[in-house]
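Assemble the whole structure, with the sequences as input and the hints as a guide.
Take a look at the letters that make up each chain.
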Amino acid sequence: MWPELARAALTRHPLRTWLAVLGVAVSAALLLDMVMLATGMRDSFAELYLKKGFPLRVAPKGTLPFDTEATIGGASALRAEIEGGALIGRVSPVLGLTLHHIEARTAAASTVLGFGLDPRVQGDYELVTGTDMDASPAASPVRVVVNAPLLTRLGKRVGDTLTLAAAYDPQLRTTRGRLVARVVGEVRFLYTPPASPVVAMPLAALQGVHPGGPDRVSLFMVEARDTSRVEEARAWIERTAPRVSAISTTTAMVQVEQRLSYFRQLAFILGSISLAIGFLLVTTLVTVSVNERIGEIAVLRAIGVSKRHVVQQIVTEGAVLSIAGAIGGLALGLATARVLNRILSDFPGLPAAFDFFRFEPRAAWVSLGLLMLAGIAAGVYPAWRAASLPVAQTLREEAVG
Amino acid sequence: MTAVVLDAEQVERTYAQAERGARGVTAVRGVSLRVHAGEYVALVGPSGCGKSTMLNLLGAIDVPTAGRVLLDGIDVRTLGDREATRLRLERVGFVFQRFYLMPTLTAAENVELPMAEAGVARRERASRARELLGYVGLGDRADHRPAQLSGGEQQRVAIARALANRPALVLADEPTGELDAATGDDIIALFERLNADGTTLVVVTHDERLATAARRVVHMKDGRIVDDRVVRPLLGRTA
Ligand SMILES: Nc1ncnc2c1ncn2[C@@H]1O[C@H](COP(=O)(O)OP(=O)(O)OP(=O)(O)O)[C@@H](O)[C@H]1O
Ligand SMILES: [Mg+2]
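Chains as they are written, first to last, in our numbering: chain A, 5 to 405; chain B, 6 to 244.
If you're looking for bench data, these hints aren't it; they were derived computationally from the structure. Given the structure is predicted, the values throughout are model-derived calculations rather than measurements. Watch out, some of these pointers could steer you wrong.
Below 20 Å or equal to it, Euclidean Cα-Cα: the simulated EDC-like pairs (lysine to aspartate or glutamate) are [to be verified]:
# : chain 1 : residue 1 : chain 2 : residue 2
1 : B       : Lys226    : B       : Glu88
2 : A       : Lys311    : B       : Asp12
3 : B       : Lys226    : B       : Glu14
4 : A       : Lys311    : B       : Glu179
5 : A       : Lys311    : B       : Glu95
6 : A       : Lys65     : A       : Glu236
7 : A       : Lys65     : A       : Glu235
8 : A       : Lys311    : A       : Glu8
9 : B       : Lys226    : B       : Glu179
See below:
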């Protein structure tokens, strides 16, 4: 009987009910997206930093990681020194340099980002097709791996040859530090922006053309032998090699967290607003629906239906609206997050593997659960008010059909 | 002597005025009325004399500002909302001038409603609803909604609903007020049958024919009872 009455109350004005559900869905979607934004960026950073399992970054003192200008000299000695540490696992050197690609026939030049890496311990890319480069710098032409944007930009395929130079004078059309390379594989770089063309080659090959001289690297990515002693390993590196600074991903995460806290606050406020909107929407609809049925409710009370049952029935209406809205909002929120992620993936300066929005089930259930609770709470006041009206007086004033 | 179902003693009801300072309206002034089981009472009188107010007090949907109403021996004023609601559910059946059926429920569901509230099992209340609809002559309209029924049919559904929980007392306020003469006669006949089958009835009416069908007629004027007489003795006592 009560479900029938609640259902009837909702189906009496189907358009209105659908609009209300849609409204709740929109606010639920916004809420969900805000939660996904708040957690997604942080998780994404953490995952990205730890993807290849190098929790420490060693860079020249006073620079940020990925600052390609600053380099560390005497790299091989330093690498050996760090690798000698009892707490240290693998050490992966990284040298970054802007390169110029010279098209052999037209002599047209375009810039690409070059990485010098040790392929045995690299933590920068994942192979997509072809083969990985090998460690020997002696091969000529040098075997390199590149990403998809580079292939598209230069109109090349795996197997083709590239002519690269460390310096290029556009007036005189002269180059310095020339290097001929064969593309052996296509890879995806984790830390570079998705659209930038990137080439990676054995470290020694790039060091050979680096204007700063040989035996330099931009940074080392360092693994701790024991994952619970990262901080000790970090302190040890800084003590042993005072000219570099070691940053652990935890420290980096703290910095990232601080910067992201603005986003999180924004997401929190907007999320709260959408929750409030959902609440007000359900309250409004339930109030309107109840006011329409004041007479009916008075009749129910007159013939002996308890206040509790009247309230239950009305609250059910609000609950159904908000549950339907929350389900719709889940779908809508995921769809918008996907679109927004795609749009924002072109955000300049961010790694390709970075997500702004990330679906984390627990956060999603918590936020949608909150919305449903708000929807249930929204019905309580109008329901209680209607059920508490004086019966005789209301019957007299509100004749029903 | 049969049991007293209703006992109103020196009942008064004053409505407070909305505007500040204005005097309240006293709709019922010191009315005493005793109704025994099996009686059929018509409450008549000019418009505004307090009949509906009195009926609401007798049915525990309103509380007197002075005096007391005993329903089945229980003083209504001592009850909290929950107990008063339960008392209405189990002991009183209401029939309204404008039927007041739930528009979204079928005839059978409308009759089942008070039984569902009283906790009667689904199967039992469905069969009793059919039985009651049969009793009021609507056995074949059980699945129709109020909008698909005529006024007279709706009022018969409302009467079936009033009888759902086997009340000690049925109260009706102008039950023929919205109906034409012929349809009204059907309802009057139904009330007579109801009373003959043992239901205690108090009916407020302007309808001369309905009033003459009652066994006892109570006249009200200006919130007071001015005449109270048995026009036909109770069936039980004549036979
Ligand atoms: N809620 C109220 N507030 C103020 N005055 C009221 C209220 N209800 C009823 N009255 C007044 O009380 C008096 C009695 O009203 P009541 O409805 O009981 O009369 P009645 O005998 O049923 O009339 P009718 O035959 O027209 O239905 C009237 O003067 C009416 O205006
Ligand atoms: Mg009246």
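Evaluated hints:
no.: 1; hint: Lys226(B) - Glu88(B); verdict: 32 Å, violated
no.: 2; hint: Lys311(A) - Asp12(B); verdict: 27 Å, violated
no.: 3; hint: Lys226(B) - Glu14(B); verdict: 17 Å, holds
no.: 4; hint: Lys311(A) - Glu179(B); verdict: 27 Å, violated
no.: 5; hint: Lys311(A) - Glu95(B); verdict: 16 Å, holds
no.: 6; hint: Lys65(A) - Glu236(A); verdict: 19 Å, holds
no.: 7; hint: Lys65(A) - Glu235(A); verdict: 18 Å, holds
no.: 8; hint: Lys311(A) - Glu8(A); verdict: 18 Å, holds
no.: 9; hint: Lys226(B) - Glu179(B); verdict: 17 Å, holds
Hint violations for this structure: numbers 1, 2, 4, all remaining hints satisfied.
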